[in-house]
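Next come the chains, spelled out residue by residue.
2 protein chains.
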Amino acid sequence: TRDDFDLAAVYVSDAQYNRNIFFETTPEAIRLYLLYNHWVLHIVVYAVIVVDLALAIFEDPAVIPLPIWATTLIELVCLAAFVVRLVHYAKVISRERFWKDPKNICIICVILLSLTDIVIYGSLKATGYTAVRWSRVLRPLLLINITEGRQLRRAFRSIRNALPQILYVFLLFMFSLLMFSLMALKLFGKKGLTTTDGDAYFTSYLEIVFDLYVLVTTANSPDIIMPAYNSSVYFAVFFIIYVLINTYIFMSVFLAVVYNNYKKYLKEEVRQLVRANRHKMARAFGVLQEWKGGEGPVVTQASWNQLVRLVQPDISNAHRELLWSVSDNNNEGCIGKVAFVQLADLLNMTVIVVKSRPHPLQTSLPSLYLSSPSQLVCRMVRHRWFVYAFDFIILVNAVFIGLDEENPLIANAEWAFLALYFLEILLKLYTFEPKAFFSRHEFWNWFDTLIVVSALIATIINSVVKSSGGYTSRQILDIVFILRVLRLIRVVDSIQRFRAIINTLVRIGPTILTFGQLIVVVYYIFAMVGMELFKGKIRFFDAESTDPDREFCGNPLLKNSLFAKYNYCKNNFNDVVSSFILLLELTVVNQWHDILFKA
Amino acid sequence: TRDDFDLAAVYVSDAQYNRNIFFETTPEAIRLYLLYNHWVLHIVVYAVIVVDLALAIFEDPAVIPLPIWATTLIELVCLAAFVVRLVHYAKVISRERFWKDPKNICIICVILLSLTDIVIYGSLKATGYTAVRWSRVLRPLLLINITEGRQLRRAFRSIRNALPQILYVFLLFMFSLLMFSLMALKLFGKKGLTTTDGDAYFTSYLEIVFDLYVLVTTANSPDIIMPAYNSSVYFAVFFIIYVLINTYIFMSVFLAVVYNNYKKYLKEEVRQLVRANRHKMARAFGVLQEWKGGEGPVVTQASWNQLVRLVQPDISNAHRELLWSVSDNNNEGCIGKVAFVQLADLLNMTVIVVKSRPHPLQTSLPSLYLSSPSQLVCRMVRHRWFVYAFDFIILVNAVFIGLDEENPLIANAEWAFLALYFLEILLKLYTFEPKAFFSRHEFWNWFDTLIVVSALIATIINSVVKSSGGYTSRQILDIVFILRVLRLIRVVDSIQRFRAIINTLVRIGPTILTFGQLIVVVYYIFAMVGMELFKGKIRFFDAESTDPDREFCGNPLLKNSLFAKYNYCKNNFNDVVSSFILLLELTVVNQWHDILFKA
Ligand code: NA
Numbered sequence: 311t312r313d314d315f316d317l318a319a320v321y322v323s324d325a326q327y328n329r330n331i332f333f334e335t336t337p338e339a340i341r342l343y344l345l346y347n348h349w350v351l352h353i354v355v356y357a358v359i360v361v362d363l364a365l366a367i368f369e370d371p372a373v374i375p376l377p378i379w380a381t382t383l384i385e386l387v388c389l390a391a392f393v394v395r396l397v398h399y400a401k402v403i404s405r406e407r408f409w410k411d412p413k414n415i416c417i418i419c420v421i422l423l424s425l426t427d428i429v430i431y432g433s434l435k436a437t438g439y440t441a442v443r444w445s446r447v448l449r450p451l452l453l454i455n456i457t458e459g460r461q462l463r464r465a466f467r468s469i470r471n472a473l474p475q476i477l478y479v480f481l482l483f484m485f486s487l488l489m490f491s492l493m494a495l496k497l498f499g500k501k502g503l504t505t506t507d508g509d510a511y512f513t514s515y516l517e518i519v520f521d522l523y524v525l526v527t528t529a530n531s532p533d534i535i536m537p538a539y540n541s542s543v544y545f546a547v548f549f550i551i552y553v554l555i556n557t558y559i560f561m562s563v564f565l566a567v568v569y570n571n572y573k574k575y576l577k578e579e580v581r582q583l584v585r586a587n588r589h590k591m592a593r594a595f596g597v598l599q600e601w602k603g604g605e606g607p608v609v610t611q612a613s614w615n616q617l618v619r620l621v622q623p624d625i626s627n628a629h630r631e632l633l634w635s636v637s638d639n640n641n642e643g644c645i646g647k648v649a650f651v652q653l654a655d656l657l658n659m660t661v662i663v664v665k666s667r668p669h670p671l672q673t674s675l676p677s678l679y680l681s682s683p684s685q686l687v688c689r690m691v692r693h694r695w696f697v698y699a700f701d702f703i704i705l706v707n708a709v710f711i712g713l714d715e716e717n718p719l720i721a722n723a724e725w726a727f728l729a730l731y732f733l734e735i736l737l738k739l740y741t742f743e744p745k746a747f748f749s750r751h752e753f754w755n756w757f758d759t760l761i762v763v764s765a766l767i768a769t770i771i772n773s774v775v776k777s778s779g780g781y782t783s784r785q786i787l788d789i790v791f792i793l794r795v796l797r798l799i800r801v802v803d804s805i806q807r808f809r810a811i812i813n814t815l816v817r818i819g820p821t822i823l824t825f826g827q828l829i830v831v832v833y834y835i836f837a838m839v840g841m842e843l844f845k846g847k848i849r850f851f852d853a854e855s856t857d858p859d860r861e862f863c864g865n866p867l868l869k870n871s872l873f874a875k876y877n878y879c880k881n882n883f884n885d886v887v888s889s890f891i892l893l894l895e896l897t898v899v900n901q902w903h904d905i906l907f908k909a
Numbered sequence: 311t312r313d314d315f316d317l318a319a320v321y322v323s324d325a326q327y328n329r330n331i332f333f334e335t336t337p338e339a340i341r342l343y344l345l346y347n348h349w350v351l352h353i354v355v356y357a358v359i360v361v362d363l364a365l366a367i368f369e370d371p372a373v374i375p376l377p378i379w380a381t382t383l384i385e386l387v388c389l390a391a392f393v394v395r396l397v398h399y400a401k402v403i404s405r406e407r408f409w410k411d412p413k414n415i416c417i418i419c420v421i422l423l424s425l426t427d428i429v430i431y432g433s434l435k436a437t438g439y440t441a442v443r444w445s446r447v448l449r450p451l452l453l454i455n456i457t458e459g460r461q462l463r464r465a466f467r468s469i470r471n472a473l474p475q476i477l478y479v480f481l482l483f484m485f486s487l488l489m490f491s492l493m494a495l496k497l498f499g500k501k502g503l504t505t506t507d508g509d510a511y512f513t514s515y516l517e518i519v520f521d522l523y524v525l526v527t528t529a530n531s532p533d534i535i536m537p538a539y540n541s542s543v544y545f546a547v548f549f550i551i552y553v554l555i556n557t558y559i560f561m562s563v564f565l566a567v568v569y570n571n572y573k574k575y576l577k578e579e580v581r582q583l584v585r586a587n588r589h590k591m592a593r594a595f596g597v598l599q600e601w602k603g604g605e606g607p608v609v610t611q612a613s614w615n616q617l618v619r620l621v622q623p624d625i626s627n628a629h630r631e632l633l634w635s636v637s638d639n640n641n642e643g644c645i646g647k648v649a650f651v652q653l654a655d656l657l658n659m660t661v662i663v664v665k666s667r668p669h670p671l672q673t674s675l676p677s678l679y680l681s682s683p684s685q686l687v688c689r690m691v692r693h694r695w696f697v698y699a700f701d702f703i704i705l706v707n708a709v710f711i712g713l714d715e716e717n718p719l720i721a722n723a724e725w726a727f728l729a730l731y732f733l734e735i736l737l738k739l740y741t742f743e744p745k746a747f748f749s750r751h752e753f754w755n756w757f758d759t760l761i762v763v764s765a766l767i768a769t770i771i772n773s774v775v776k777s778s779g780g781y782t783s784r785q786i787l788d789i790v791f792i793l794r795v796l797r798l799i800r801v802v803d804s805i806q807r808f809r810a811i812i813n814t815l816v817r818i819g820p821t822i823l824t825f826g827q828l829i830v831v832v833y834y835i836f837a838m839v840g841m842e843l844f845k846g847k848i849r850f851f852d853a854e855s856t857d858p859d860r861e862f863c864g865n866p867l868l869k870n871s872l873f874a875k876y877n878y879c880k881n882n883f884n885d886v887v888s889s890f891i892l893l894l895e896l897t898v899v900n901q902w903h904d905i906l907f908k909a
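The listed protein sequences derive, respectively, from chains A and B. Going by the working numbering, the residue at position 224 of the first sequence is 534; the numbering climbs one at a time, nothing skipped. Going by the working numbering, the residue at position 286 of the second sequence is 596; the numbering climbs one at a time, nothing skipped.
Only chain A is shown next, with the shape it has when bound in the complex (with noise of 0.2 Å):
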């Protein structure tokens, strides 16, 4: 029956993005799941994330200032939103299931706290007094738990497997960094030594443990280490050992431990997944299976094709008889459950389907397209020469960038280049069949002609811009610059060798995201915690500010400190974006010390 074809195509599909909800059985329930998975309620997902996270930038400390209405309005509607989805989840799967899942109980938590928080800040704001919106802290959770965060909840996993190894790691490191200090202390304390600054040397036994263990990452390098060389080289081999043993075999320990367990743990997730697949695929194959005789249970090929056209609509006859031959390469008209369970694979599989279509313009107007003189452009767009000359004129275009914008040959060269490489898009278009070139795969194609019209585009913009008013918007101009230098990036794609490297990147492109969003969730709670602690601790103040704080970014705890003398007022907690970028900075590990001494 047409419900049998939807319930076995639920599951194939689920097997081939690697699903792994107990949905309920029912002809609804199935029709509900379906909708539930659609693409476009996956984005609206993710953008109601968005939005509730970038909320941060307008919520005080603000970026942006919005009145408190406006963003209570806001959240409030995001989290109509997560309830919605919330029950229409409920209704897919069984009630029992969906009251067992702790993803569930953790979304109704965040929601309700969200709501108790909006309401105690609310009437606090309304009568006066200070409050803090602590539950923003709680907002990156719902990222975490919602169903489309089963990746992120993967590496949290893998993270959380690999801790207890690594303590291990990190408390022998910390013995180790003990035994140094109280060595240092031993060796240094008493020789009244002086730092460049006049400090006393490693006369305190926590002082001297912060230090080493700021050496480690290398940020005080050589600083620290001066005095004690001065005074003997001897000492310097204490250091020496030090960085050795701490920075190198410790760190190459930990990497190795981090490396090794997350393998192991990825290898069984993917087992796991692998197994559970092979499962959904044998339900659907039981959905499906008719008896023929004596062979034991098979699926035609015809309950087969109508399987496929549902779980891929767009599949195209060919890539589905495709499929069908190797699935039965025995030509028997009718698959067992060996090769059905397969099928998952299958479709995840990329055909690339070369058709040498002609290209429209040899149908519409054959005899233009095919005389002498336009077959001669064609060969000549295709020649390898082709490539070289427009690499060429590529470097022309980078010496001329480095030049100076002001003189009005190098501004006219803008137009020359830019219509070089309007050209060279026009010419490619010519030869090559639009569609192909344009397809999919080509993602060269489709990034040099983005460029280019971005900067023709931009470039229009900027001159009538610049005649009508007479003044260069800044913002547009930079946006011009940026994109007259990504232009060169596709000299690139000429050398096999670069090419081969960004596929490699473009490959582990999704791991990256994963870990791009599990670093936004662990920033964003320590942002959230960071502005409610520090916001308007200190302040930042423009170049031609008279203000007198300025000397000490307006706190006057910073007097004289590095801090304020290397002008790191701006590293601060003051609103979303800053504690963004702070948090950036200390990842990258230099100065840390003298950045973190503000809080």
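Careful, some of the hints might be misleading.
No copy labels: a pair is met if it fits in one copy or bridges any two.
[What the hints assert, rightly or not] Restricting the straight-line Cα-Cα distance to at most 30 Å, the calculated cross-link-like pairs of lysine-lysine (DSS-like) are: (1) K413 <-> K577; (2) K501 <-> K776; (3) K496 <-> K776; (4) K500 <-> K776; (5) K647 <-> K602; (6) K573 <-> K413; (7) K500 <-> K435.
No wet-lab data here; the hints were simulated from the structure.
Dock chain B with the ligand against chain A, hints included.
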């Protein structure tokens, strides 16, 4: 015959120690070859190399100056030793093979060039000219090219093998760096920004390239970012993207390429080694084989026993019989080729023979040792609370070390701790069989005893010196302090997990040693070149010095430089020890741009 057994034994021990020398098979050559591989000669060769390399400490620019005739004499002795070793090698292998091996040619060239350099340098110095000892750069080549440098050559080969791939990643990285620099020039060059020192910010292309290159190593973060970030938050995004792409993504790709290449190459090397070893064992079999009724060639147990006794004279009878029973598992009294070729691997296996030998006191004084008070002591020492008690003593000791030394109570407590530790060792020796206690695998027992005994000796010397001369020797006191802290490390052994991590570290020890040699080779070459180019350019002045040059390290070029301000004067190429420390600091990466500018 005796010669046959000698030949077979040489093949087996070559397979056992992975030697790949195609020696002549005459009895005379074999005897010379056995001598060539004697462990005493290996140690002599390494000692000669260490002396030769260490000459840099005594040659101009010297740490400890010695007259030229003395260093030249030592160097000539070293070179003579290498000549003798090479002549010995030439007598072991065929003349043709000797001259075809680039390693031998390289050693001969180094020796000849060194002699030439010594003659030129000596005559120039004698006639009062300035001269450069350029051949010192070649000394590390001896370490690479001697027969014993097999592991080191393998490490260099694996690096050379990965070079092409690394080069392409590096080129792509350079391209990215140049692109970002161009973008930075266009974005910031005309904005009139200044650094904290008031210098123009990002106006010259080459300076931008250098600054952004330094940023990849994170050494100038966040200082280089601040001017742009202070001007606009959006510019911080530029730097974030830059660091993400160039520090994280490129470094990951870089490490992945190096690791994969290294692994691939190592696998190939190991495969070749296994093949070569099997070949050697097959030859040994060919020498000793006998024909036994219809079963093909075999080696009898008698021949096998004689061979094993030749290869490993110190092997116990029990161990040898165990190996034979593993090889001849059907108990036929002779083994075929397949079983025979395993011999080298079997000999490499560590067999721990657990002998429950009675304690020597039990045999000499049984009535006393087996008396009930004596047995109570033994049971007490074996109890786990004995370990806990001493862990607790160590912790208390750690606190005492951290306290002030000049308090007489604490100074005397040190004697109590020493006595306790000494008592612990004596008790353990009383309870456990001393030979088992000090067996080769009991790393911690050795460590403990060594540290406690040295601490005892050093403390006694220290108090003798103090009470006789009335003053404390700083060097002896430093050693006492270090030994005192090292004693605390013992606590690591009590925690199972820590022991596992330490054991892993001990196991990768040989690999670390090989890479250590590799780094010494590279550093030595750089240090020699650096010393000839920069010696005396920067001078270090004592803190008490009143010389006006002290302000700028004796080099007017460094007036007002950060280098002089941070008191980095001791980071120079004035002698080989300073050079090594400087190169290590540059490897540790931080502030390297400041250090580098001094040249
Ligand atoms: Na650093």
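Going down the list of hints, with the structure as the test:
no., hint, in the structure
1, K413 <-> K577, "within (24 Å within a copy, 45 Å between copies)"
2, K501 <-> K776, "between (68 Å within a copy, 18 Å between copies)"
3, K496 <-> K776, "between (70 Å within a copy, 18 Å between copies)"
4, K500 <-> K776, "between (69 Å within a copy, 17 Å between copies)"
5, K647 <-> K602, "within (13 Å within a copy, 57 Å between copies)"
6, K573 <-> K413, "within (25 Å within a copy, 41 Å between copies)"
7, K500 <-> K435, "neither (57 Å within a copy, 46 Å between copies)"
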